[in-house]
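Q: Using the sequences and the hints, build the whole thing.
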Amino acid sequence: MVTTSRTFTRLALVSLVGLGFYYAHLFLGMVYSAWLFRALAVCFLMATVPLPIIAVNDKKLFPALEKPLKRMLALGAMLLLVHHFLMTFIFVMFLPEGRVF
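The numbering used here applies: residue 143 is where the sequence shown begins, and numbers increase by one.
Calculated from the structure, these hints are not laboratory results. A hint or two may mislead.
List time: in silico SDA-like cross-link candidates among lysine to any residue, alpha-carbon distance up to 20 Å [said to hold, decoys possible]:
#1 K212 <-> D200
#2 K209 <-> N199
#3 K201 <-> L215
#4 K202 <-> T146
#5 K201 <-> M220
#6 K202 <-> A166
#7 K212 <-> L153
#8 K202 <-> L215
#9 K209 <-> I195
#10 K201 <-> L217
#11 K212 <-> T151
#12 K201 <-> L153
#13 K212 <-> V198
#14 K201 <-> S175
#15 K212 <-> V144
#16 K201 <-> L158
#17 K212 <-> R148
#18 K202 <-> A216
#19 K202 <-> T149
#20 K202 <-> L153
#21 K201 <-> T145
#22 K202 <-> Y174
#23 K209 <-> G162
#24 K209 <-> P194
#25 K212 <-> I195
#26 K212 <-> F150
#27 K201 <-> G162
#28 K201 <-> L161
#29 K201 <-> T146
#30 K202 <-> K212
#31 K209 <-> V198
Each pair of labels, with its calculated beta carbon distance range [unchecked claim]:
#32 G218 <-> T145: 33 to 43 Å
#33 R152 <-> V184: 16 to 26 Å
#34 M172 <-> I195: 41 to 51 Å
#35 R148 <-> C185: 35 to 45 Å
#36 N199 <-> L170: 20 to 30 Å
#37 C185 <-> G218: 33 to 43 Å
#38 A206 <-> W177: 42 to 52 Å
#39 M172 <-> K201: 33 to 43 Å
#40 L161 <-> F204: 13 to 23 Å
From the three backbone atoms N, C-alpha and C, an ideal C-beta is built for every residue, glycine too.
A: Written out as structure tokens, the structure reads:
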């Protein structure tokens, strides 16, 4: 139980760093290597994939949370996954290197 919650928390933190990565590159063009840029985007997406799975399937994830809060946690994890998927798809397929704006 503790291992699962630690894993979930660490993956959530990596996903939030990924959120910062997506917008930092979108507005500031922080990564200039196209290969590194695409590899980081895919790695952040892969780190986010287990979050909704863990949030939905593990009934003992955070025992202190009530049922509505657990649903909100699962919904937030799913929205984060959808966001990362769409941003990775757009970044890998369409956006050029460097700054966009």
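Q: To test your reading of the hints: which numbers does this structure violate?
A: When the structure is compared with the hints, numbers 6, 14, 16, 22, 23, 27, 28, 32, 34, 35, 36 and 37 turn out to be violated.
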